[in-house]
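Residue numbers (the numbering used here), protein chains in the order written: chain A, 1 to 486; chain B, 1 to 347.
Hints in this document: simulated from the structure, not taken from any laboratory.
Below 30 Å or equal to it, Euclidean Cα-Cα: the simulated DSS-like pairs (lysine-lysine) are:
#	chain 1	residue 1	chain 2	residue 2
1	A	K134	B	K325
2	A	K124	B	K325
3	A	K124	A	K134
4	B	K68	B	K41
5	A	K223	B	K41
6	A	K124	B	K322
7	A	K457	A	K134
8	A	K107	A	K130
9	A	K457	A	K322
10	A	K217	A	K117
11	A	K130	B	K325
12	A	K107	A	K322
13	A	K322	A	K217
14	B	K41	B	K91
15	A	K124	A	K107
16	A	K134	A	K117
17	A	K130	B	K322
18	A	K130	A	K304
So you can see what is in the structure, the chains are spelled out below.
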Amino acid sequence: MNEIKDLIAPFITQFLVKGQFAVLLYFLAVNGWYLVLLVSSLLELRRHMLLIADESRHLLLSSTLSPTISILAPAYNEEATIEVSLRALLALHYPNLEVIVISDGSKDRTVQVLIEKFDLVPVKTIYERKIETKPVRTLYRSSTYPGLVVVDKENGGKADALNVGLSFARGELVCAMDADTLIEQDGLQRMVRPFLYATDVVATGGTIRVVNGSQVKHGRVEKTAVPTNLLAGVQVVEYLRAFLFGRLGWNRLGGNIIISGAFGLFHREAVLDAGGYLHDTVGEDMELVVRLKRLSYENGGPGKIAFVPDPVAWTEVPESTKVLGRQRDRWHRGLADVLWRHRGMLLNPRYGVTGLFVYPYYAFVELLAPLIEAAGLLSLVLGLVFGVVDWTFAGLFYLTAYGLGTALTAFTLILEDLSFHRYNSFRDRALLFWWALIENLGYRQLTVYWRLRGLWKFLRGRKDWGAMERKGFRAVPAVAKPDAAA
Amino acid sequence: MVSQHLLHIIMLIEVLLLALAVSVYFVHGLWLRITSRRMQKLSHTARESLARLVLRGHVNLEDIELLKLLPHDVQTMAFLEISRTFSGTGKERLRFVAQQVGAIDRARLLCTHRWWTRRLRGARILSNLDVQDSLAQTLLSDPYPAVRAQAAEWAAAQASPEVVAAMLELLADPATQARFAVQNALLRMGNVIAAPLAAFLETHSGRAAQAGLRVAESIAEPRFLEAALRLSRADDVGVREAAAKLLGAIGGAEAAARLIELMNDNDARVRAGAASSLGRMRYWQAGSLLAERLRDQRWRVRREAGLALRALGAAGTLFLRKALKGDDRFAADMAEQVLDLPEAAAG
Chain A
1 MNEIKDLIAP
11 FITQFLVKGQ
21 FAVLLYFLAV
31 NGWYLVLLVS
41 SLLELRRHML
51 LIADESRHLL
61 LSSTLSPTIS
71 ILAPAYNEEA
81 TIEVSLRALL
91 ALHYPNLEVI
101 VISDGSKDRT
111 VQVLIEKFDL
121 VPVKTIYERK
131 IETKPVRTLY
141 RSSTYPGLVV
151 VDKENGGKAD
161 ALNVGLSFAR
171 GELVCAMDAD
181 TLIEQDGLQR
191 MVRPFLYATD
201 VVATGGTIRV
211 VNGSQVKHGR
221 VEKTAVPTNL
231 LAGVQVVEYL
241 RAFLFGRLGW
251 NRLGGNIIIS
261 GAFGLFHREA
271 VLDAGGYLHD
281 TVGEDMELVV
291 RLKRLSYENG
301 GPGKIAFVPD
311 PVAWTEVPES
321 TKVLGRQRDR
331 WHRGLADVLW
341 RHRGMLLNPR
351 YGVTGLFVYP
361 YYAFVELLAP
371 LIEAAGLLSL
381 VLGLVFGVVD
391 WTFAGLFYLT
401 AYGLGTALTA
411 FTLILEDLSF
421 HRYNSFRDRA
431 LLFWWALIEN
441 LGYRQLTVYW
451 RLRGLWKFLR
461 GRKDWGAMER
471 KGFRAVPAVA
481 KPDAAA
Chain B
1 MVSQHLLHII
11 MLIEVLLLAL
21 AVSVYFVHGL
31 WLRITSRRMQ
41 KLSHTARESL
51 ARLVLRGHVN
61 LEDIELLKLL
71 PHDVQTMAFL
81 EISRTFSGTG
91 KERLRFVAQQ
101 VGAIDRARLL
111 CTHRWWTRRL
121 RGARILSNLD
131 VQDSLAQTLL
141 SDPYPAVRAQ
151 AAEWAAAQAS
161 PEVVAAMLEL
171 LADPATQARF
181 AVQNALLRMG
191 NVIAAPLAAF
201 LETHSGRAAQ
211 AGLRVAESIA
221 EPRFLEAALR
231 LSRADDVGVR
241 EAAAKLLGAI
251 GGAEAAARLI
261 ELMNDNDARV
271 RAGAASSLGR
281 MRYWQAGSLL
291 AERLRDQRWR
301 VRREAGLALR
311 ALGAAGTLFL
321 RKALKGDDRF
331 AADMAEQVLD
341 LPEAAAG
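The shape of chain B in the complex, shown without the other chains:
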């Protein structure tokens, strides 16, 4: 039988563990309570000082000194919090204050730290304060995707030609997180990236091109047309589909002509994308072709063709009504469903 002595030993260990856990739990709770009150008070002081400094527009040394006295964590938290509500001059003043109290220098130091978590924090501070710094740019090639993604977020407010070029190269980043952050940041940069992105799309293919096409679709500049036409002939289905969507966003006769060709693509995703784009362009001349696609073998093509016809307005509705009485059951059903859709759901 298991000896009582052994049981005593095991139980003693367990009791010690339990006692340790309970002490940590309650002491931590108490510590949280005390520190959260203290932190609340300090954060309030920091926020007030920062708000006064940023809103008044003149340097108040007393407030700067007060901020300097606060723990670094509190300072950083206050800067990050308040930075989200300011832009333009307000943010400039905030940067000035951050420089004065040493928050920016500390962030720079963090950016060079050997631990990626510290570099991430440094990049977050610099990006929240929109600090122009070559150090943050170097983080665009950091080995950690999370840091690269954060650096991309920083880059959104720094649309210099060098930064844009570095960002475009990151469109081929193997890490989804970094690629997504780059796409998003490029979008936020706005029209300044149109020319370099058009040049990039003209020379790239594959995953990088596909990521670029998605950004281009949201900007929808005519200068992407050449690249979109070229990429709509790519081997990769995803690229052709993205190119079709971009063509629909740009519009125009050339785009429409190519989209009509893409309606006969071998892949259903591309045909569906082309149909959707023609609807988006309200290209009523494609009405009969879209009506034909209501008979497509693939559901998603029939669906997109129906929705595109509905988007064409009166002309498209005529085709849909005609399909209702046609001999093709699939086309008739799809036409009926699309016609039934309330306005809000048909978009």
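So that you can see chain A by itself, here it is in the shape it has in the complex:
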């Protein structure tokens, strides 16, 4: 054993000499860029807060002249939650609203519950098929809710369900969401603003927050709280970081290319002209946004993607490593797939800021980060095993690599505190900070593993969604979603 060690040690030393410096440099460069994003989001947030301070949205936005919004809510086996979720959607504060629920071949009583609770009657199933989709079985309209449309179709996945919804939608704008997302009552009023502010906007995204730990009643979040569960708690911090400084920061630096599939508002004609959602990708929400952006550069039409921080939708995040792992693996496969499909944009000046800055960021930072991070961690472990580095150095290296990230996360918490401060109690603050601190001790390394697994599966051509188990928003039984959109 000792001979092998002696034989390999020089190579490991060489690898560490070059590798460590590169890894540390990469970490600092990435975190340095995050710092730029943080400053950018701080400026953007300040501007946004000044713009919305004392704004009387009710007068201006509850107008008959507001653009009609069609909410597209794909549902798969949502029997337990669909009634509450749909009632909450129908009660949203927006003047011209249409809600289209698309049952994506549900095997449970989802459609029956809808028929019973919302006085649905079947009508002749014809529609303008603008995009190829799986067949529609039955179309229902409600005798009591004029704006409600329910489509029962054969299972085809979330993208297919959304495409069917697009064919039935009559609104100028469509809001794509998950059936179990809880949109705050004034969420649409807030989210529609960029469409009223500018003519070149094709899509807007709102903030997704973690509902785990909060109290939910009648499809509304009544009291927010930071969850005590480790996985859920760490994800609260992750979501805050992703939305509050990631996406907001990009608003000012050239635009976003991601809008969460759980809550996004799109110009219907633009989406239809682009061909709707793609079926053969697991990152259909990001793919659509990148395609809209790409087409706007190629055809010269509108293509602004705006992130608005104050409209909030709440979502339940996984509390088991198994489910969370599948989700992260899928997200990373989606990212890899989208970046590969549109690789022609990378560093291509034809695509302006998106091609030269945004796209490379996603390719070199978001996509490759787990590879670099894994290489760094591996070199550290090997260094320890072969005695090339001592424990003091390893500890110092580890702390240095993750230290700036933790500091940036802490600054994100400040951003949240300066703007929306949803988590007010001392308990919540302390918990949030605690999750921010310990996220680097194990959790982050797990996400590296999951993302690497995603990359590996992408290279092997896997395109399955995996199961997404949900506990339901307090006091509702667990619902499994075996083969549809999460």
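With chain A held as given, fit chain B onto it using these hints.
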């Protein structure tokens, strides 16, 4: 190998940053806690004083003095909050109190500030309190769309001929936000804008006309007829479509005759708009024409024609039933779907 010394330096910087972030986070939290309690108390005092002043109807100097002592932010917040619940005499009293405590003068000053965010705030205060002020009117031509939009909101309660004229000119505003706010404010002004809007529509075309037609459709005054007839012949499809909708809202034989002509327009959007308008007018004489449009090549025209027939009542239903048995599959399918629709969804 990366020297430990370098790592120490980097880590020291990181620790300092983290310590700074943590201190700011918790100190800000503490500050929020303390100030929110204080603000709650002060706001409560301000609201109580304002409510007493506005509801009692006589000037209570003590309350005015009390308000004057409060921080300006608290005063403004209380005025803005309470202004949303009052109109008429209540709002007049509120304005009087705001004048007495200096809130209106401060808002005026903000309106002339070089920062657009301050001008926006000034305009918001003046518009919430419905203050008649030429300064707010000048903001209708502010370089920032958000400020123009806010000034338009202010203008909704100030329907003087000059303000209406300025607002109508803003219908051609290149910024969607300002245009939308102007349309909305004009709608809230109500019938007083009918005559100037009719005159505006008779002389304008393009985007401005289209924006004006949408406002006119909601007011639906017969005096828009001439302009609607003229604009229904415009080159721009959006304008023709909006004119068709306005004709449906106005109604009458002349409008119906033109709508029947528009049913043969080259553009599907216009044909669909005309069909929808005929249904809205319950113009049963157009039944056979609408039934013919059930065979239109474009889905949206077939759909609007079907819904219009359903809106015609018994006469339209007869046409729909006839289409069910006709040789055109598309017309039959559309007729079947429209007949299936529950009453609530057919509107």
